[in-house]
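There are 2 protein chains.
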Amino acid sequence: MRIQHLDKNIKMNLLEDLLKRSPNNYGKYEQGVAEILDHVRSEKDAAVFTYTEKFDGAKIDASNIKVTEEEIKEAYELVGEELTGIIRKALFNIRDYHERQRQNSWFESKPNGTMLGQKVTPLQRVGVYVPGGKAAYPSSVLMNIAPAKAAGVDEIVMVTPPGKDGKVTPTTLVAAHEAGADVVYKVGGAQAIAALAYGTESIPKVDKIVGPGNIYVALAKRAVYGHVSIDAIAGPSEILVIADETANPRYVAADLLSQAEHDELASAILVTTSQKLAEKVSEEVDGFLNELSRSEIIRKSLDNYGYILVADTMEEVIDIANEIASEHLEIQTKNPYDIMTRIRNAGAIFIGEYSSEPLGDYFAGPNHVLPTNGTAKFFSPLSVDDFIKKSSIIAYSQEALGAIHTDIEKFAEAEHLTAHANSIKVRFEKK
Amino acid sequence: MRIQHLDKNIKMNLLEDLLKRSPNNYGKYEQGVAEILDHVRSEKDAAVFTYTEKFDGAKIDASNIKVTEEEIKEAYELVGEELTGIIRKALFNIRDYHERQRQNSWFESKPNGTMLGQKVTPLQRVGVYVPGGKAAYPSSVLMNIAPAKAAGVDEIVMVTPPGKDGKVTPTTLVAAHEAGADVVYKVGGAQAIAALAYGTESIPKVDKIVGPGNIYVALAKRAVYGHVSIDAIAGPSEILVIADETANPRYVAADLLSQAEHDELASAILVTTSQKLAEKVSEEVDGFLNELSRSEIIRKSLDNYGYILVADTMEEVIDIANEIASEHLEIQTKNPYDIMTRIRNAGAIFIGEYSSEPLGDYFAGPNHVLPTNGTAKFFSPLSVDDFIKKSSIIAYSQEALGAIHTDIEKFAEAEHLTAHANSIKVRFEKK
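Same order as they appear, the protein sequences are chains A and B. Each residue of the first sequence is one higher than the one before, starting from 1376 at the first, in the working numbering. Each residue of the second sequence is one higher than the one before, starting from 1376 at the first, in the working numbering.
It is possible that part of the hints are untrue.
Pairs count within a copy or across copies, as identical chains cannot be separated in the list.
[Said to hold, decoys possible] Derived BS3-like pairs (lysine-lysine); straight-line CA-CA distance at most 30 Å:
| # | residue 1 | residue 2 |
| --- | --- | --- |
| 1 | Lys1580 | Lys1386 |
| 2 | Lys1386 | Lys1805 |
| 3 | Lys1441 | Lys1580 |
| 4 | Lys1395 | Lys1429 |
| 5 | Lys1580 | Lys1805 |
| 6 | Lys1429 | Lys1509 |
| 7 | Lys1434 | Lys1580 |
| 8 | Lys1509 | Lys1386 |
| 9 | Lys1785 | Lys1485 |
| 10 | Lys1419 | Lys1441 |
| 11 | Lys1386 | Lys1494 |
| 12 | Lys1383 | Lys1651 |
| 13 | Lys1806 | Lys1485 |
| 14 | Lys1805 | Lys1651 |
| 15 | Lys1383 | Lys1580 |
| 16 | Lys1494 | Lys1383 |
| 17 | Lys1485 | Lys1709 |
| 18 | Lys1800 | Lys1655 |
Please keep in mind that the hints were generated in silico from the structure rather than gathered at the bench.
Go ahead and model the full structure; you've got the sequences and the hints to work with.
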């Protein structure tokens, strides 16, 4: 990996480079996606079945679009006890963490009869999109369903494209069943998003759609936003490791590679105060590259978006970490908690040399759906917050409103909203 | 107002009617907005000054784009002590409510050295858009700035278009200064949104843009979403009143009209179990219409989106209220708290006959920026939550990772992510 001295120019170039990964060349697919959405909106099931045959090569109709108990049983047999057991252990941790994110409704009251509050209500029905085939990650199924369940969502509807044989990836089904999906429909692509957003004879309309997907799925989600809610569109994966001379170069190298293997747009960055560590990590990376199965992808992603940066001070390291606002941030230094307190912007922060990033992808409990591409400056990990919404509660008594009614009337009149003022006035007019 | 018996057909028609208000005919402005965004992104201040002269007829440059202390002082004189005093009283309540929305960072730890947590960080810099001229509402300035301040945002940057004389609406300035805006720039429209999203020589780039605006502002916000965060695009205002035979028809009528006066797309709906109340409210509405200054707007909005619906049972009333998911919901019944517990979907819930909706617009404390057009099914009022973001914290010790390392390795291998598995393995390889 290239080693560079961190200076202002490098920093500006790096930040520009990373933002280039934001895919803006989507326009050419938009028309096609809009047609699918319109068609499913008007023709419902019939359109869903037509597109499933066209894009997935599978014959699906109202009689077999819903995954059966029989199929779930078969999936468990195919997945086997060992992996099912691991999925259960991971799910236990994921549930435990997300249950701690629950928020309470609250109110405060005053002796004059005022009550103000905030009511927390789970979303009623949520749709979870799960990609098919090679892009089917059971860990991702757990991470999308568990926070919805912890939030108390009434009904979780999963959609995933069938293979040509009309079957769904077995690990997806096992993960869905374990995590608590209420129903799984065999439909994918933009047609699945349309079905969830508008409803069809077979598939009920939902309030929110979450889960990763290809470019068609992403564009369809963006198009239905506002009609239903959606999660953030995921960008390419990222890791930034902060390390000093005390870090283990072999661990740092392995962790950089674990993100670089995702795809050619993934970014892996080490920022360190130690030139010696920088060199050793670079050597370890070269060593691992000869052993790893996805080394071709890794080489490309490291060539494009891999950096080892040597900074003069830890302040500069922290500063660039906050600027980049990485999806995953590892801190492998002498006093990692001290550094953590100075981090403003990161999706997930991994502290110390035994907190390798894949621990968070699979097992620790916090969500692995994280803000990418600098959006950790203003977005948060997927959480229970995404599956609840709040309503304000306002109750005033005659006494409480009486004490301030002329103020409200005057404020409304200053804004020329006389019917607003009138609605207060009528309550205090002489009878 | 028309009175109808609530049945299935009425319900379907009503829901369709309300959704029609969603403005989809925006395409024709998109190209123009995109040009402004591109131009400001590349030419920065120069483009901002050109557009301000073109659209606002005001000559603004780097020397006078920032509102001065002198101008703020002048604004206080123009606004006068009475209105300033009312603004301060309202702000006190708004602050008090929003400070209760603050969330804490938290962690949990285990004796094996595991620490998991969630770090809450305020956004660093937020932009607040405030319309100029007639659409300038000081209450809206308070409602957009107060939650950002309560969240602990470092810097609040306000933008608002100048009049031809280069001045900013005085009530806007007073409200901004009271609420705690750090700086106010005289720029409006899509050019203001572009300046906040990309930064110029005069105006710093922000992390999130909030606040209402016209169609150009709304389109510009949508276009920069992802590069920065934005609040929800506001739709036309709505009120739904749930009332039984115990309600005061004069209060109900006045409250319906207070929303109908906003604009011709506003919606005012009464759903009641009492035919008698329905008739009396209709009469009261007619009476008020002759007195109110904005009666022309009110007549149009009532003709289009005003309904009095009589239902057979309170269950049906609650059901349609949850379906409509109104921005504002008033409950004027014998046992309003009992009904409140059954409400799933509403932006703000006003309980009892002295909790008139304008109380919430100006004074009670909860935010008046609320989800519209059915989006209360999945969106929340503007709150402190909009000005914070969270980072997951993951720390495992050697002991804690050692207990599960083979599980993670197997999970990663099941997903064919061998570099993920490797990053765990290297930590337990024989040295």
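How the hints compare with the structure:
1. Lys1580 / Lys1386: Classified as between: cross-chain Cα gap 17 Å, same-chain 46 Å, threshold 30 Å.
2. Lys1386 / Lys1805: So Lys1386 and Lys1805 fail the 30 Å test inside a copy (70 Å) and across (38 Å) alike.
3. Lys1441 / Lys1580: Within one copy only: 15 Å inside, 48 Å across.
4. Lys1395 / Lys1429: neither (33 Å within a copy, 33 Å between copies)
5. Lys1580 / Lys1805: This pair counts as neither: shortest intra-copy Cα distance 50 Å, inter-copy 54 Å.
6. Lys1429 / Lys1509: within (19 Å within a copy, 54 Å between copies)
7. Lys1434 / Lys1580: within (23 Å within a copy, 51 Å between copies)
8. Lys1509 / Lys1386: neither (36 Å within a copy, 45 Å between copies)
9. Lys1785 / Lys1485: Within one copy only: 24 Å inside a chain, 57 Å across chains, cut-off 30 Å.
10. Lys1419 / Lys1441: Within one copy only: 15 Å inside, 54 Å across.
11. Lys1386 / Lys1494: between (45 Å within a copy, 26 Å between copies)
12. Lys1383 / Lys1651: within (22 Å within a copy, 74 Å between copies)
13. Lys1806 / Lys1485: within (28 Å within a copy, 66 Å between copies)
14. Lys1805 / Lys1651: Only across copies: Lys1805 and Lys1651 sit 24 Å apart there, 85 Å inside one copy, limit 30 Å.
15. Lys1383 / Lys1580: For Lys1383 and Lys1580, the Cα distance is within 30 Å only across copies (18 Å; inside one copy 50 Å).
16. Lys1494 / Lys1383: between (48 Å within a copy, 29 Å between copies)
17. Lys1485 / Lys1709: between (51 Å within a copy, 21 Å between copies)
18. Lys1800 / Lys1655: Classified as between: cross-chain Cα gap 19 Å, same-chain 76 Å, threshold 30 Å.
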